[in-house]
Amino acid sequence: MSRITRRALGAGIPALLTAPAFAQAPAARLVIIGGGFGGASAANFARRQYPWLDVTLIEPKTRFVTCPYGNLLLAGLRDLNSISFGYERLAARGARVIHDWADAIDPTARTVRLRGGASVAYDRLIVSPGIALRYGAIEGYDQAAEAIFPHAWVPGEGQQTLLLRRQLEALPDGGVVGLAIPDNPFRCPPGPYERISMIASYLKRHKPRAKILAFDTKNAFSKQGLFQDAWNALYPGMIDWIPANRDGRILRVDPAARVFESEFGVRHRVDVGNVIPPQSAGGIAISAGLANESGWVPVDSLTFESRRVPGIHVIGDATIAPPMPKSGYVANSTAKQAVAAIAALLRGEAPPPAPVYFNTCYSHVGAEYGISIVGVFRPNAERTGFVETPNSGGVSPRGDLPEQRRLEALYADAWYGSITADMFG
Amino acid sequence: MIRLCLLAFATLAAPALAANGPLLAQACAGCHGPNAAGQEATPGIAGVPAATIVAQMNAFRANERPATIMGRIARGYSDAEIAAIAEYLASRR
Numbered sequence: 001m002s003r004i005t006r007r008a009l010g011a012g013i014p015a016l017l018t019a020p021a022f023a024q025a026p027a028a029r030l031v032i033i034g035g036g037f038g039g040a041s042a043a044n045f046a047r048r049q050y051p052w053l054d055v056t057l058i059e060p061k062t063r064f065v066t067c068p069y070g071n072l073l074l075a076g077l078r079d080l081n082s083i084s085f086g087y088e089r090l091a092a093r094g095a096r097v098i099h100d101w102a103d104a105i106d107p108t109a110r111t112v113r114l115r116g117g118a119s120v121a122y123d124r125l126i127v128s129p130g131i132a133l134r135y136g137a138i139e140g141y142d143q144a145a146e147a148i149f150p151h152a153w154v155p156g157e158g159q160q161t162l163l164l165r166r167q168l169e170a171l172p173d174g175g176v177v178g179l180a181i182p183d184n185p186f187r188c189p190p191g192p193y194e195r196i197s198m199i200a201s202y203l204k205r206h207k208p209r210a211k212i213l214a215f216d217t218k219n220a221f222s223k224q225g226l227f228q229d230a231w232n233a234l235y236p237g238m239i240d241w242i243p244a245n246r247d248g249r250i251l252r253v254d255p256a257a258r259v260f261e262s263e264f265g266v267r268h269r270v271d272v273g274n275v276i277p278p279q280s281a282g283g284i285a286i287s288a289g290l291a292n293e294s295g296w297v298p299v300d301s302l303t304f305e306s307r308r309v310p311g312i313h314v315i316g317d318a319t320i321a322p323p324m325p326k327s328g329y330v331a332n333s334t335a336k337q338a339v340a341a342i343a344a345l346l347r348g349e350a351p352p353p354a355p356v357y358f359n360t361c362y363s364h365v366g367a368e369y370g371i372s373i374v375g376v377f378r379p380n381a382e383r384t385g386f387v388e389t390p391n392s393g394g395v396s397p398r399g400d401l402p403e404q405r406r407l408e409a410l411y412a413d414a415w416y417g418s419i420t421a422d423m424f425g
Numbered sequence: 001m002i003r004l005c006l007l008a009f010a011t012l013a014a015p016a017l018a019a020n021g022p023l024l025a026q027a028c029a030g031c032h033g034p035n036a037a038g039q040e041a042t043p044g045i046a047g048v049p050a051a052t053i054v055a056q057m058n059a060f061r062a063n064e065r066p067a068t069i070m071g072r073i074a075r076g077y078s079d080a081e082i083a084a085i086a087e088y089l090a091s092r093r
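First to last, the sequence lines map onto chains A and B.
So for the first sequence, the working numbering puts the first residue at 1; every next one is plus one.
So for the second sequence, the working numbering puts the first residue at 1; every next one is plus one.
By construction, these hints were calculated from the structure, which means they are not laboratory data.
Backbone N, C-alpha and C define an ideal beta-carbon position, used for all residues, glycine too.
It cannot be assumed that every hint is accurate.
What follows is a set of in silico ranges between Cβ atoms, one per label pair, in the way DEER data are often shown [unchecked claim]:
id, chain 1, residue 1, chain 2, residue 2, range
1, A, 266, B, 58, 50 to 60 Å
2, B, 51, A, 104, 35 to 45 Å
3, A, 240, B, 43, 32 to 42 Å
4, B, 48, A, 380, 48 to 58 Å
5, B, 38, A, 400, 41 to 51 Å
6, B, 38, A, 240, 40 to 50 Å
7, B, 40, A, 311, 32 to 42 Å
8, B, 58, A, 136, 46 to 56 Å
9, A, 204, B, 41, 18 to 28 Å
10, A, 204, B, 40, 48 to 58 Å
11, A, 228, B, 38, 28 to 38 Å
To give a feel for the contact side, a few chain A residues facing chain B, derived at Cβ under 7 Å [unchecked claim]:
id, residue
12, 336
13, 340
14, 356
15, 358
16, 408
17, 413
18, 415
Far from chain A, by Cβ distances over 12 Å, these chain B residues were calculated [to be verified]:
id, residue
19, 49
20, 51
21, 54
22, 55
23, 56
24, 58
25, 59
This is chain A alone, in the form it adopts within the complex (with noise of 0.2 Å):
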């Protein structure tokens, strides 16, 4: 055991509780709906600590594109190629990957239907779906008007941030990138405004003219007064953060025109157009039955057992999981307590006790420019929610502080290849 258990951190797990009692434990079927940060997460992290766990991933895509890091490739730092994952290493540990979609779930059979036909089944199922943008909750904006105005939200294989940056190569300099950013929930809560950065970074050395126009639902944004600290140091007089008290709740877009239109009726003609709709759980979820009528995924938090319907666990962005962010690393950090709680469950014993939930969200504002939150979150005592730990995580302190914006910078990358590598590696 010691052999297979020194590979990865956290071998100890199933040393401690497994061995020897547990060695003859049958084959249970762990079975994952998505292969992104948490699916990924919760299938590479069952297969190396709780190698008795019978795992299928079903994931439609053979390649996965990363949403954190996509903003790079806006202002030219990384490639597609460099932000792509395949899940080949997952199989070689043993994963039975499938590329299909789950179309339906069975609860009371405890099967999974694929799009293919065939039917997978499950002792424990988790559930890792994503979002879902909600076309149509901004007027004018279906899936038709991704093609003129890119969400690049949910990277598919990627086509819709490559569209993005191509629009930016066209935009005449002195030209006008409008975008149109959600209210709270949705993924990624300092995405949009390193977007806007990373935007401003290519601006300012290819088009130093033009202007970006970020039309905000909301009056407050993470990490707001750092980036508004960089955007003025680093891009005086290019962006513009319109909140919604200055009428930047946009409520209709009209592709053809290339205008964003407000609360108020304001029509804002823009080159480029970003719009980052309001999101919902991902499909599945919802046709499900676990979301609730918010459109988000209710989950005891010490097993994120769904509290709708037994038997599913739901991790990640699906997940109403305030204060904790929609982020891949709460994604990541929540898939392994789902995973160890279902090893438990499934060999009858109680989940694991007390354990502590991680987040950090580094931002790249320009080069060698990082910044940070940091949350550490526990279940409350109900399992109904979840809870800050106090006078702990927070932002990076704000001043002139060089030396610490670019080591936060060089530790983002690090993370990116720490967390990608748990995941897929």
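Keeping the supplied structure of chain A fixed, place chain B upon it in accordance with the hints.
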């Protein structure tokens, strides 16, 4: 190695948390590498003596050691949790 872990855990006041050490230490893997062996600019912490890790985390917590983010992180964990994480990381090679 297993016996070493158990001995270390047995000395801690809160056995439930100590048993959770390996799971708690997963938080480290997001930046310090999947094996906590280091990743790019972020140093390796696997195999570091437990007393060193505890001392560093305490220094981070108290702002006595300059840090970018570790101070903010260390203040989120109890003494027992840090001890459990440290014992576990120390056992990794």
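Which earlier hints turn out false for this structure, listed by number in ascending order?
Going through the list in order, the structure violates hints 2, 4, 5 and 10 and respects the others.
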